[in-house]
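Got chain C sorted already, so can you dock chain X onto it with the hints?
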Amino acid sequence: MSKLASLIMTLMAFFPGVALASPDIIRQQLPQAVPHYYKWGTLFVNLQVHLFKVLFLVALIAVIAVEFLHFVVVGPKRFEESGRKIKVYNAFMRLVHWLAALSFTILVPTGLIIVFSKFFGGDGFVRTMRSLHFLGAILFAIAVVPLFLMWVLDMLPEEGDIKWILVGGGYLTKKKVETGAGKFNPGQKAWFWIATGFGALLLITGFLMYLRKPNFIIPFVKYQIDALRLAAIIHNFAALIVLVMFLVHLYMSLFAVKGSLKSMITGYKDEEEIKYMHSSFYERVKDRFGK
Amino acid sequence: MYKYSRMKFYCDENRCIDCHGCEVACQVGNDLPVDIARRKVITVNEGIEGKEYSVSISCMHCTDAPCAQVCPVQCFYIREDGIVLHNKDICIGCGYCLYACPFGAPQFPKDGAFGTRGVMDKCTMCAGGPAPTFSDKEKRLYGQNRIAEGKVPLCAAMCSTNALIVGDAEHVAEIIRERRTAHGHGVLDETPYGWDIAYPNE
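Here the protein sequences come in this chain order: C and X. Counting in the working numbering, the first sequence runs without a single skipped number right up to 291 at its last residue. Counting in the working numbering, the second sequence runs without a single skipped number right up to 202 at its last residue.
In short, the hints are calculated from the structure, not lab data. Just to be clear, a hint being listed does not mean it is correct.
Simulated crosslink set (DSS-like; lysine-lysine; CA at most 27 Å straight-line) [what the hints assert, rightly or not]: (1) LYS151(X) with LYS213(C); (2) LYS137(X) with LYS151(X); (3) LYS213(C) with LYS77(C); (4) LYS39(C) with LYS40(X); (5) LYS85(C) with LYS151(X).
Below, a sample of chain X positions facing chain C; criterion: calculated Cβ distance under 8 Å [as the list claims (entries may be wrong)]: (6) VAL73; (7) ILE90; (8) ILE92.
Taking beta-carbon pairs under 8 Å as the criterion, some of the chain X residues facing chain C (in silico) [said to hold, decoys possible]: (9) CYS91; (10) TYR96; (11) PHE114.
Glycine included, every Cβ here is placed at the ideal spot set by N, Cα and C.
Chain C on its own, in the form it takes in the complex (with noise of 0.2 Å):
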């Protein structure tokens, strides 16, 4: 804890105008009125004054460059149309599936708004975003316990992961590979525990921030404000890998892959997109290719 006070003194050199009080005076007025107050709140302070932001910033930088320059350098993967295809997503995953990208779209857009209010200038602004993402909330609450229960089974690991972490999943190189994945690449499997780990994390830590009083016992915390400061702790950083893996989904989705918006959208992908980038699903699906 100690060494992390004094990584954040050193970084607090380039952000002036947020210094610290000296550390050589004088003690408070009331330690013993509100003991350990300040266990976790000298945590939170330091943390919000310094890293989130800064490690917000840096992951939206980060992530779309990455992105960027894979569109440049590979670019995207195309499929010729074979014309034989199989439904992969019944009508049910695809409307769970759409309500969970319908929260996410609300969700993501609105809290980083929230995480940069100062730019875009607080007010009544950012106080409607806050209710919006209040209401995207509500609807990943309804969305999270179907999305988790319709793929738990595909999602978990297989042999023909590891073949496809071997070959990056095929995506640095523009030739076609086959990848070994099943039914979900490694990938997609990652961003399936993240979205709804994470997501069940992000859901009852906003909840308990949104209590504000929270009137139960919660494990390990003694005092409520000390279960609020975590609560948002965890929320800013579950947040962050929640973010840096939508990116990576939706430029996969939309640019990455031509044609994986529209097997979500209709629910059949064309069987020249299986047999390379799931390859080890091809072979046991491959009698069932229908026109």
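Just chain X now, with coordinates in the frame of chain C:
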């Protein structure tokens, strides 16, 4: 101690009789809604003989105000006399100031859409806010501006035992020092009760 004057609260725990008068004065004088408590009296070591005492807590107007540091819209400003105020027009009600505050001073009404937090409300040391002094808007959003009238804040003004005192930090410290000497406690072992850092170094 300070190069310039800084307004500070101090509650003398030897004098506070737990009457909650300051709470009521603040609540009524500033027309606050029921769920907003800018000031609260708490009792420490309740029931333990000889150790029990009460103090009145509100915003302590910290010099390094953590709330002002964490605010994502930077709606806080610290007046030259050290009073920490914030702009309710800009505040988005994210609650970060509450998480940063060691005293639980920031208050949030439940009036946003979907019952989310409304904009923050806290003790202004009866110094109004950024709205024009003595305007209706200032009164409605921030309460009375007694400092501009040359008066002591409501809570300290009504304190029947003079436990709660407010003013320039040096004067307040002087009063406390006199009281302690009169009681035979001797001078304080440290510089009297700094209000400087919100979080003591561990």
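Honestly, which of those hints from before does the structure not fit? 1, 3 and 5
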